[in-house]
Amino acid sequence: MSRISQDNAVAGSRMTRALIYTVLIFFVIYYLLPLYVMVANSFKPLDEIRGGDLMALPNVWTLEPWRDAWSNAQIGVEATGLKPYFMNSFMIVIPAVTLSTIVGALNGYVLTKWQFKGHGAVFAMLLLSCFIPFQIVLIPAAKVLGFLGISGTIQGLILIHFVYGIGFSTLFFRNYYAAFPTELIRAAQIDGASFMQIFMRILLPSSGPIIVVTVIWQFTNQWNDFLFGASFSGFDSTPMTVALNNLVNSSTGVKEYNVHFAGAIMAALPTLFVYIVSGRYFVRGLMAGAVKG
Amino acid sequence: MKINKFLKTTVAAAAVSAFAGMASADDVEVLHWWTAGGEAAALGVLKDDLASQGVGWQDMPIAGGGGSDAMTVLRARVVAGDAPTAAQMLGFDIKDWAGSTGNLANLNSVAEAEGWDAVVPAALQDFSKHDGNWIAAPVNVHSTNWVWVNKAALDAAGGKAPTSWEELVTVLDAMKANGITPLAHGGQAWQDATIFDAVVLGLGADFYKAAFIDMDEDALGGDMMVEAFNRMAVLRSYVDDNFSGRDWNLASAMVIEGTAGMQMMGDWAKGEFLKAGKTPGEDFVCIRFPGTQGLVTFNSDQFVMFDQGEASDSQMAMASAVMSPAFQSAFNVVKGSVPARTDVPNDAFDDCGKKGMADFAEANAGGGLYGSMAHGHANPAAVKNAIYDVVTAHFNGEYDATEAAEEMVNAVLDAQ
Amino acid sequence: MKFLIQRWIPRLVLAPSFLLVVLFVYGFILYTGYLSMTDSKMLPSYGWVGFENYSRLFGLRHWNTAVTNLAIFGILYIGISSALGLFLAILLDQKIRAEGFIRPIYLYPMALSFIVTGTAWKWFLDPGIGIENTMHAWGWASFHFDWIKNRDYAIYTVVMAAVWQSSGFVMAMFLAGLRGVDNEIIKAAQIDGASGVTIYRRIIIPMMRPVFLSAFVVLAHLAIKAYDLVIALTGGGPGRATELPATFMYSYTFTRNQMGVGASSAIIMLIMIFSIIVPYVYSELKSGDQQ
Amino acid sequence: MASLTIENLKKSYGTVEVLKGIDLEIEDGGFLVLVGPSGCGKSTLLNTIAGLEEITSGDIKIGPESVAGLHPSQRDIAMVFQSYALYPNMTVAQNISFGMEIRKIDKAVREEAINKVADTLQIRELLHRKPSQLSGGQRQRVAMGRALVRDPQVFLFDEPLSNLDAKLRVDMRTEIKRLHKRMGTTIVYVTHDQIEALTLATKIAVLKDGYLQQFGTPDDVYNNPTNMFVAEFMGSPSMNLLTAQIIDEDGLKVQLSDTENAPILLPVEDTPAMRSYVGKQVIFGIRPEALTDPEGADRTAQNVVDAECLIEVVEPAGSDTFAVTKLGGKEVIARLRADAQVVPETYTTLSFNMGKAVFFDPDSQLRIR
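Protein chains in written order, with the working numbering: chain L, 1 to 293; chain P, 1 to 416; chain R, 1 to 291; chain S, 1 to 369.
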């Protein structure tokens, strides 16, 4: 007898259920394998890595690489580990994400609810900016930052991340607000609400899901950025990824792979945290607008 | 001398700090790619040295791509009008920078006062000077035509270190017969080119100079070049199939573990052996690439100063500190390279280090010191990378030796 | 007066973003276009050389390799990621008990930077130390997987790692789309006698059209920017077999000191990108106007 | 065409029981309406008939044969959904013929069937449009077309009119009734709108909390509700339900007390059941149309009693006038002729048609008969 469940799930016998689980578990393994390689090797002493099977679990478990990566490893001339660079990354990423989310929300609001002649062209230009390869803009952006006198500062990096984040946040918010009933805006206008009041009191409170999507997207991209971080940071504003790269990528130094992997996992923790904690809202947010399903 | 310098610096510092908030103008901001492990720690010696003179150190490390990422960042900084005080540079990059911006600091005063001309080999001065002026302070000299051999594997293959191409092939064959990978190698363009350097040099110093330094068309496409590519193909046959993309450290590990017989790599590889607790002479031996005894291909890390007006006193202090024999010794012992000055005592160095210093001095005296093509000391970056392309393509079987030699001429001409 | 202000406020709100993007994107593109016609080498210089850099560019074998690779990589990457994302989303939509556990696992690779996952992948794919070695150790002696070492197949390993990174994200987008499908439509199709497979093939998947478009934009943008991935995984090798336009451009502009050629490759790349994306933007705008 | 029988049907999700033993039977060609407030289980019941949900126990028969466990497509049913559930990526014609396509019916046959249905529903000119290009009413027709084309044993309708505006709803209601007359197919129809139920059904099943409250003809359900819930739920305005006392003074009477006015006494038919409530409280139920102005009272009725009532509000509604008064402490609605002269805040004579009055036990809420 075929079995019908009440949701989207279509008929599935015990056999097909088993098959589905098998496939799902296979992909769980596929997605986890590289992480496994990283985690397993981050707990091995270096001898074991040099000598042996990289896929095996450690024979001797050690926390040393983690301690080193956090606070002892040489990053440049200072043996500080990655510890101090986390703060830099947060100081850059939090304002940049906040700014590009707020501005993206305002842009999406204007582009859907306050359309003016030429709004389509403006949106097209903002959207196309998502696709520019960052290597192109390196030299001219350096010129502009130099001109503004914020080269090598945290402000400079915030500006750059913010500017190149506008495109995607505007896209997300525009698609989300497009489905938002315009009648409500009209009603509020009749009630005498101003442009900003309507935004703050009516749109923003119901933008939760799309804010989650935008923040996840921007946070991940900006946290993981290396190119801008390396090119536009100063000695006291170096972000996490650049420090990690310095730890991992030195060309003629001895490579301590276990420390590298420990450092890499550490560097990824904030983004992993964001994904895992807000994962469920993420799908909901995508549902609510980003994919226009 | 030092005291004089010290005084000058202090006076400058005092003068500068008279303006509120300008105190950091007396610091040096240093862009470099010695970012991890021992070499970064060794650079700490320099930092401490400067600190003792009242000069602060603002660290700006950018790792990756053998300094290429650091050069990208340097470009961004210079374009932004925010050049660092000093930047680590290699070979032709120094020439390119000197040629294209002209805003490098002139170090003549400290060089003359400390007599750099007398202690730095002419081959290095070629990079440290532009239009006859000192613009860079050389830190070290790596020589790249080394072979690192597992002692046990060598003993099993006859025990005699090869001194000629033919002997090398014999040893490699014996190692192959013993069931190990004779040659540990990582298939990355610069590693391929490092071997190619040695192979070309092994065919004669004149040929090396004509091909790579003078970029003579006949040498680049001639029979000798075909022979060089043939030899590369021979070496390729001793490399295991999984070589491509392998980091050099992992190739070294193969030699350390004895699964491979030898590795052709610059002197920085020694660090890996030492880190693994191996002793030079007992567990492994270091020899020059067979056929290149008495010759050295080098690459030299230098600190270039960017012109920053009144801050130049701290730059002078840094240049002076870099060139001090004590730092040159301390740094190079850790780094595996040899001092850029020829008058540094070798007491602190191990066997391989002493041998390296001796070889370096000998090559310098005998005119056998050449800039390494693979490491950007023979020709400009564009040409170097064009050669990389051909060498790598050949090593991966895209061309045969004749085609490769023809392609070499085209590539080099095209890139100039 | 107040009315007039209200009329202009929206435009004023949009203006800073607009101006910043005009400068930081379009201005820089123009600047790069100008550089591509100069003799810039290590630093920008302004000697006019016309189209010389372009003719040089098209004469370079690597450039052709890079463009071909982008075509292969782009098509496979976007195709496989979308297909796999959709497939996993459909499976995960079958009332899977462990969904809350599985979903973040599928999603997490997007959170990681390739600076280091690249190393893990490189090891994993390396026949000497990775999966092949492990399979041999487990007794499957004939197992053979050395694509990363093979000139003709290495680009496919880049696709594998790229798919690993982003297919989970695409899965989340499709899952969101599937969750938005009206249950009654599925019931109607069941009554019409459609099997599970038919329902997906004929009804649900066609309804995912907007999701496909959004996924395409996200994936295309990642494909074009694929740089870290190649550098970390293959370094462009074996030989130059996995060079992509992004790595090409970077290496000519910054490591080979041939900024003019690098700039011209950037312009060609932009032309390719815009010729794919502009139709999307156009359709996006059109559907937006319907609302 | 076939009859439909439901026997002791139970359905639970985990430990939550949503259908608690339903027994129903509708004859071949009948029109069964399932009605009840939301959450009563009516949609679940429909889904189990369709086979979209499994049943926990009991049986469902279409004709003589049990369909329990059969796939929806094998039950020979057709269904029209509340949201219409049109396939958005297909044209109207494709939507209508999708089921036939699945059953691999010849294209020519399909075309013919599409055309026939399109003519019946007058949607010929829409055949090549996509659902997104249709108005609500048009979508509704297409959804019906998709069901009609199958020519099934039983039609299932899941609140098909609830997304339409008021006028369209009335039109479509008539149209459904006409279709049913013409085709004579058995229909099961879910609605929460009791007017739809009364106008369309040959049999009505009233559900609440997973229990069948009453199953009978519209007349039966309207005039003879088995309990207070059915009485109040069916009819609009709904039945007036007042707390009252049964007394025995010159025969059985029901006494409606009020704090302000003198109690009203109304005679009640003397049955043994009623007699057992003497001296006790009952719930007195009377529909607005049984409480009217004396001129408008039903002349055939046996037991009409007049009483003076204080009118609070008057609501003219065109065809009728509704008057709100207060009896037994509760608001009561009376339905008067349109031209009845009533003035708010004055006493007016109202006629109680006691033949239509019903009584309930206040504790069990069941009808007293």
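Because the hints were derived from the structure by calculation, they are not lab data.
Be a bit skeptical, because a hint or two may be false.
Claimed, not checked - Straight-line alpha carbon distances no greater than 25 Å define the calculated BS3-like cross-link-like pairs of lysine-lysine that follow: (1) P:LYS151 x P:LYS354; (2) S:LYS107 x S:LYS130; (3) P:LYS151 x P:LYS176; (4) R:LYS41 x L:LYS143; (5) S:LYS116 x S:LYS130; (6) S:LYS208 x S:LYS20; (7) P:LYS95 x R:LYS225; (8) S:LYS10 x S:LYS61; (9) R:LYS95 x S:LYS10; (10) S:LYS253 x S:LYS326; (11) L:LYS117 x R:LYS41; (12) S:LYS61 x S:LYS130; (13) S:LYS203 x R:LYS286; (14) R:LYS225 x L:LYS143; (15) P:LYS275 x P:LYS209; (16) S:LYS181 x S:LYS167; (17) S:LYS20 x S:LYS280; (18) S:LYS356 x S:LYS253; (19) S:LYS177 x S:LYS167; (20) P:LYS95 x L:LYS143; (21) P:LYS278 x P:LYS151.
Said to hold, decoys possible - A few chain L residues that don't get close to chain R, going by computed Cβ distances all over 10 Å: (22) PHE43; (23) GLU64; (24) ASN72; (25) GLU78; (26) GLY167; (27) GLU183; (28) ILE202; (29) SER206; (30) ALA264; (31) ARG284.
Every residue gets a Cβ at the ideal spot worked out from N, C-alpha and C, and that includes glycine.
Structure versus earlier hints - violations, ascending order: Checked against the structure, the hints that fail are numbers 7, 11, 12, 13, 15, 17, 26, 30, 31, while the rest are satisfied.
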